[in-house]
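J.: Produce the complete structure using the sequences and hints provided.
There are 6 protein chains.
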Amino acid sequence: MGAERRSMAMSDDEKELTAYHEAGHAIVGRLVPSHDPVYKVSIIPRGRALGVTMFLPEEDRYSMSKELLESQISSLFGGRIAEEIIFGPEKITTGASNDIKRATDIARSMVTKWGLSEKLGPLAYGEEEEEVFLGRSVTQHKNVSDDTAHSIDSEIRAFIDRNYQRSETILKENLDKLKVMAEA
Amino acid sequence: MGAERRSMAMSDDEKELTAYHEAGHAIVGRLVPSHDPVYKVSIIPRGRALGVTMFLPEEDRYSMSKELLESQISSLFGGRIAEEIIFGPEKITTGASNDIKRATDIARSMVTKWGLSEKLGPLAYGEEEEEVFLGRSVTQHKNVSDDTAHSIDSEIRAFIDRNYQRSETILKENLDKLKVMAEA
Amino acid sequence: MGAERRSMAMSDDEKELTAYHEAGHAIVGRLVPSHDPVYKVSIIPRGRALGVTMFLPEEDRYSMSKELLESQISSLFGGRIAEEIIFGPEKITTGASNDIKRATDIARSMVTKWGLSEKLGPLAYGEEEEEVFLGRSVTQHKNVSDDTAHSIDSEIRAFIDRNYQRSETILKENLDKLKVMAEA
Amino acid sequence: MGAERRSMAMSDDEKELTAYHEAGHAIVGRLVPSHDPVYKVSIIPRGRALGVTMFLPEEDRYSMSKELLESQISSLFGGRIAEEIIFGPEKITTGASNDIKRATDIARSMVTKWGLSEKLGPLAYGEEEEEVFLGRSVTQHKNVSDDTAHSIDSEIRAFIDRNYQRSETILKENLDKLKVMAEA
Amino acid sequence: MGAERRSMAMSDDEKELTAYHEAGHAIVGRLVPSHDPVYKVSIIPRGRALGVTMFLPEEDRYSMSKELLESQISSLFGGRIAEEIIFGPEKITTGASNDIKRATDIARSMVTKWGLSEKLGPLAYGEEEEEVFLGRSVTQHKNVSDDTAHSIDSEIRAFIDRNYQRSETILKENLDKLKVMAEA
Amino acid sequence: MGAERRSMAMSDDEKELTAYHEAGHAIVGRLVPSHDPVYKVSIIPRGRALGVTMFLPEEDRYSMSKELLESQISSLFGGRIAEEIIFGPEKITTGASNDIKRATDIARSMVTKWGLSEKLGPLAYGEEEEEVFLGRSVTQHKNVSDDTAHSIDSEIRAFIDRNYQRSETILKENLDKLKVMAEA
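Residue numbers (our numbering), protein chains in the order written: chain A, 1 to 184; chain B, 1 to 184; chain C, 1 to 184; chain D, 1 to 184; chain E, 1 to 184; chain F, 1 to 184.
Hints are computed from structural coordinates only; laboratory data are not their basis. Incorrect hints may appear among the rest.
All copies of an identical chain are treated as equivalent in the list; a pair is satisfied when it fits inside any one copy or across any two copies.
Stated by the list, open to error - List of simulated lysine-lysine pairs, DSS-like, C-alpha gap at most 30 Å:
no., residue 1, residue 2
1, K15, K91
2, K91, K172
3, K15, K179
4, K119, K91
T.: Structure, rendered in structure tokens:
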């Protein structure tokens, strides 16, 4: 979907909204610790969040620190929060859907793959399966109990909320910068 | 199913019912905020709601506001509510099934993909999987706990009910317009 | 299975039972509101309920009213109730399995697709998935919570019971007609 | 597996056990109402219970009465009960696995397909899906709530237990016949 | 994996452990009732438990008694218990994984297929599906309620524990025999 | 991902972090009982945890003792704990994700396959399926109840926590060794 979309003419409203959205990402990205200095989010074609998140653990960095990951979650929410601050809650758009997906995927991986949640501990809550086709397939389901699934849900939610709030605080304290950059 | 159906002769009752149905959509569509002025619903062939809803997030608009989405839900219910007001609850038809499906899909996406529900927060409640076939497939299940599933259900229901009621209020207050337009 | 079965010789008991079964359908079909005057059930080959129900929403009618759908459920039970009234509960046969399946499918669609249940509201409780094969497939699961599933179950049951009772009342009040028609 | 197995030599113990097993089926089959006079069970090759039960609803009978179905369940248990009465509980064998599977399948269909359980009512508790492959597939899951699944489980159990007990009573009252027939 | 593994040189520790493991199987196998006199376990290549258990109901015996099946479970645990008695709980190895899988499969089949559990009764708790591919497939899911699944779990556990304890008692009472045979 | 990754230049920070990570593995590996003297972890390409864990039960060892398995879990956590001790919790990286996955898989197999948990007993909690394609497939689902799934979850967690703590204690008591080795 990326290509045609880009080529499509944007309305001025959309351009202004997008300017604030991207500015929100950039400002938060600059003010959180360990964040990648070069801000690459806008390069990623929207509408392919799935593909993007698949590549997350393969980014050209040997490994990512907990601090960096939380900073990424915060900056991902910068765009949407900027929209809300400037245009109001009723005007929030679906434009942040990929950011939300990516932030959730990072938080989920922190909790279920990377052992970065104290509550869930250094375990892999594996929901992956492997199938080998040799005329027959043996599949391994590793379902978690509903109780564990609930702990995972609430922990992911906690990671998201904590960073959403951090991002909101940063943008409210830097409202002037946001406006200057967006108008640019 | 679209094509043959169109070519099929409609009974007069069906024509009248359809006239009120479409008029209901149009009137609500005009009176809710941020709604697309050109009303396109009737162009969409019925019976392919699934395909249609698949394309929703790819409509030729960079992004959609929460206000617009709720207005779409309201106008989608306009047709069915018009039927009920004019012909009575026993005469409501299945003709609104696609509208119901689309409205539910919008509400679901607002809650689970677009982070537009305060209750569920800015998270992606991903029920999507990715499979890559290289002789072997690795699937990612991202099930939510039953508790979270229940919160999602009731939030979707809340979005639907709120807009259904708005649509009903609008049509009752504009009963005269409805009749004029339907007879046209 | 239809074809060979028809060609197979029926015992006299079976013929009598079938006569009452079909008569039960016809009488209820005549006495419920909005029911299709031409009674088509017996044309449908038995043993292919699945295929039949698949076509239900595509019948050559632009849309069906709630009243009509409930009348169809009632008439579908006419056959089995006739068996029970005439031959007693121990003699009820499996011959009604398709009628039961179709009646349940109508009730299920009324509750989960067509928004015709006040309790569940104008929502689509989508249990459908879409898969697109492009070397990779993205599946959408839209599971409902167990709580919602339970509401759906009991609402479907309520629709069935209400119409089963209506059908039973009609046949008991028209026992004479039933016998006359069956003997014919 | 049928063929090779038959050709295999049976031990005398096995022959005696089998004699009592088949005699048990036959005696119960004769003493329950509406039961098919010609007793066909032993013709069916063991080890293919699945295939057999698949054909059950297609047997060359237009439809089967509730009475007949319960009689079939009773006679199916005749073999295993005969083993238990004659050789004791520790000597019960796996030889009855197909009978158990078929009896359970009949009871399950009575409850979930044929509407023959008062408790579950005249509904189809459909656990079937239909898939159409046109490059894409649309699957219909019709899951029941855990509460309903539990009602189905306990109702199937009730049908089985009732007929198991009937079969046991019949064989204990006809122990002499059982021995005579088995020795033959 | 079987082949290469055999060809691989074993350490002396492994040889001693294996000697006790196999001796444990053999001694229990000799002292439980109805057990197959010729002890075949060690012939079966390890690491293919699945295939093995698949063949269980097709072993060249017309049918197996409850007594025999429980004796098989007991002897299967003989190997692992011997390891524990001789080398201590910390030294128990994964070498018993196939025995554990087979014992569990036997217990599961006794409870869910062969009707040999008084608690679950003479029912088939079918977790099998049948798919027929004719461009379309109809699948039968026969899920049990969580309550029933829990009963099945605890009954299988009871069968396993009962026989594990019997096997442990036998080996402790025959410690001398175990040592003599293992050293041989 | 392995190859390109290796060829990629590492930052000095990453090199230092990796040095401590690998040193952590090695030190714990040396100080736990029954651990493989030659330390092979770093040879395994990261990012293919799945493949690795699949091979675990096929390693060139006839069988593994409970003691050895717990020692492997402990040493697997050595790397991540070293990172935490030296650089602090905020700097823990995703570099340990494969270690976490492998440790969890070992703990899971100990509980569900190898009967090494007293709480769950010597049972196979089989979540494997077998499919044979002969135009038709018969699948065996062996789901456990939610209650059992919860016991499995908490037991796996207990195995992980016990060994994580052991590993942490070892590294804190050998902080000097850790620094010396990492600087080397």
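J.: Which numbered hints turn out to be false for this structure?
T.: Per hint list: zero violations.
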